[in-house]
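S.K.: Next come the chains, spelled out residue by residue.
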Amino acid sequence: MFRRVWEKWKNEAIASCRKQQSSHSDQQASNKTPLSESLQENLDIIKQRLGNPQDLIIRPFLIDNSGRACAVACIDGLVDSELVHDKVVKHIQLLMSPAGKAIPAPDEDIMAFMLNEVLSIIEVKTGTTMEEVLDAMLVGDTAFFVDGSHTTILIDSRGWETRGIEEPVSEGLVRGPRDGFNENIRDNTVRIRRRVRDPKLRFDATTVGRRSKTDLIVAYIEDIAHPNIVNEIKRRISTIDIDQVEESGYIEQWIEDNFLSPFPQVQNTERPDKVASALFQGRVAIILDGTPMVLLAPVTLGIMLHSPEDFYERWMVGSLARVLRYLASYLAVFSPALYIALVTFHPGLIPSDLAFSIAATRDGVPFPAAVESLIMVTTMELLQEAGLRLPKPIGQTVGIVGGLVIGEAAVSAGIVSPVMVIVVAITAIASFAIPSYNLAIAFRMIRFGAMLAAAMFGLYGVVLAFILIVIHLTNLTSIGVPYLAPLAPQLVSDWKDYILRAPITFFKKRPDMLQTKDKTRMKAGRSQ
Amino acid sequence: MNTLPYADQKIGQKEMVFIVANVVIGVGILTFPRTLAAKTGSIDGWISILISGLVASVIGWLLGKLASRFPANSFFEYASLIVSRPVAQVITFLVGIYFLLFVSFEARALGNIAKQYLFTTTPVEVITLAFLLIVQYAVAGTRIALLRLNMLFFPIVLLISAVVQLYSIQMLELDNVRPLFTTGLGALLQGSKEVNLSFSGYEVVLFYTLLMTRAEDAPKAVVKGLLIPIFLYLTIYIFVIGVFSAEVVKNLTYPTIELAKDVEVPGGFIERVESLFFTIWIMTIFNSCTVFFDLAIFNLGSIFPNVRKFTWLLIISPLVYMISLWPQNLVQFFSLGDQLVYFGIFITYLVPILLLLIAKWRGVRGDE
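Listed in order, the protein sequences are those of chains A and B. 1 is the number of the first residue of the first sequence in full-length UniProt numbering; add one for each residue after it. 1 is the number of the first residue of the second sequence in full-length UniProt numbering; add one for each residue after it.
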């Protein structure tokens, strides 16, 4: 029912956006200001449109000794000023008429002359309207005007300070490449291209955000990824109509299949190697300017629990690590719930010796197990959240305070039982073992639901909660790919890369669940 | 929206096998050794299981035949092709009612057992309600997801019953089993009638063949699907009798769960395995319930195509809940179950077989 309401609401929203958009673009088409022939007038319009900001650089000068007036306009900080200086201003100022050629008269030809003979920069284009010029300048281009010409040359002179290539913070590995993405989209595409030297690699660029005009690139390998997946992702991205897109999370939330699900339906990563391997599997990457988080879709629950390291280490190590992680995800969700169920409803299930000792430790505890767990788990969440926000040196203090206060003092004060502390510790450790941070958060949310179910119905409640989660997961899709694939629907050939990770030489085919165009990964296995 | 070809709404033969097996093994497996032992009085009941298994397979095969004759039609559609629309409406309505009653029965059965083994103070009304809410959530999703759930839970269910049986081997006592072949044919047939009730459920083939990629596999799939419960019933019966003896089993309400009670896990890792066994068993009861619920909606919905699935869910759910609370005690409850099964035999076995005969006679075939 919610879905229907949501669909309706979304459709209406999209329709109204479209209407606005079309009227908007009509307006624009009619309102486009052509450039004037007068240099001074053009510069005045630029100043006026941008509100004459402090960082606007307008530098009028003369072409060589011909006395013809011209100017460059750019935004300080967005441009590589050395490049503008060396390759533009200096060249033109010192322009000596090449052998036998006079500088053309002030009409269109002068621009062609400049392009062909003077400006030694690869990326240039010409513009004829003021809107074009402003858009380009705000991206980091330099506009070059000549008095008497109503076209302009837009020189790609982007060069702002970016963060260098650093090790990914959120996805550390023991073995594997150390480079991560940064906030610059060009650096990020380079990181991918360096790993995927395939002429079929496609970077389909577009901009999102009506005002922010953020660059977005949809990356995929054309003869691997299934066209339906690529088209569906592009279609969903084309419906995005917000005024500003800060981070790839905006894109993720707009294109996901089900916004009511706690589970993330798009993966994010700051590891180029992860993106490259996803592209080779037939998945699609969405790169957004201004964030190191690259989105990968479609994704399944299995993929979320995988780490690139599973493939970098030998298969036994990888398989064992995966089994551990699957176990960890069960523990992360259900261990407090099981504690509640066993202590409150079914003490008979616990071996009698253990049951007695648990009962003895719970002797002075004033709360029922459910309340006890709720206190502890909530405190744990608080600690985690607090530690996240604090600068590193203070973060350690939180650890010590949390560890001591919650571990020792709470027990000796008789507020919680030591067994509960163990359970919470196991839960926390288990949720740290999950490689995707957003999946771990989903598990943390569900944990409270499971605890509630256990508090009401004991083991029966835990099983019902488990069934509920599985129902939800079988209904969930990510860009049309079932979230529980290859388990439901069963695609046995994909089980090589699921809970266990088969030896590398077994992967002769790409994953069946992504229905890749080119299915073959290796022609034959390892020749002995 | 199906982006990928394999993600379409079709099931293969393997899925059908699992669905049939899963639906048949529902609540029946927990109680049948009692009724069977009461009739046959000895280990010889295994012959009854074989007989009724055979009967079930034959009927199942015939039902599969009927359904695969109309690979693209729903039950209501092919029934109207065979015996005019008004008659088909009546039949389909009764089938829908049958499934509706069956959901109520299973939900109540679950409530009863949960109350006996997991809770003592929680009222059965609340237990049943919680369960039915989950079932409704499953039914509200897509049909294919519901069928995939069967595939997910079935291995877990098989595993737990295998574990229980493995641990029971050490408790087998030969004295309980002997003497063999003492039961008369009459008693055996009486017994097989009882077991037959526990085999009901395979009629789902009538309705889900529509979803199969290769409808002609339906009869094979039913028989294969029935082999699993036949085997499971045989071993469970032998173990239950071997551990408790026929005399004791007669007086146990849920002998199969009692079997789990005596299991001792080495190392004392966990005690009272029967609670755990039943907890996991909830999954298979849940599966049969969702399938029956789905079929109730599917059949009632095919008579009134204008009503949306979600509306049906809202109409049927309170009904199911109220009916499940109808029986006041265990005796009433079990007699309701018996009457229900006889109704089911009539409406989902006899009538479809009749339909098959008429279809053959009149030469009606479905459109490919």
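No lab work stands behind these hints: they were computed from the structure. Treat the hints with caution; some may be incorrect.
Sample of chain A residues lacking proximity to chain B, with all beta carbon distances greater than 10 Å (derived) [to be verified]: (1) Lys125; (2) Arg163; (3) Glu167; (4) Gly348; (5) Pro482.
Taking lysine-lysine pairs in the DSSO-like style, the calculated list, with each CA pair at most 27 Å apart, reads [unchecked claim]: (6) B:Lys14 <-> A:Lys519; (7) B:Lys10 <-> A:Lys496; (8) B:Lys250 <-> B:Lys220; (9) A:Lys496 <-> B:Lys193; (10) A:Lys509 <-> B:Lys14; (11) B:Lys309 <-> A:Lys519.
Here a beta-carbon is modelled for each residue, glycine too, at the ideal position from N, C-alpha and C.
S.K.: Compare the structure with each hint and give your call.
M.R.: Structure-based check of all given hints:
no.	hint	result
1	Lys125	holds (37 Å)
2	Arg163	holds (36 Å)
3	Glu167	holds (35 Å)
4	Gly348	violated (5 Å)
5	Pro482	violated (6 Å)
6	B:Lys14 <-> A:Lys519	holds (24 Å)
7	B:Lys10 <-> A:Lys496	holds (24 Å)
8	B:Lys250 <-> B:Lys220	violated (35 Å)
9	A:Lys496 <-> B:Lys193	violated (46 Å)
10	A:Lys509 <-> B:Lys14	holds (23 Å)
11	B:Lys309 <-> A:Lys519	violated (39 Å)
Taken one by one, the earlier hints fail for this structure at numbers 4, 5, 8, 9, 11, listed in ascending order.
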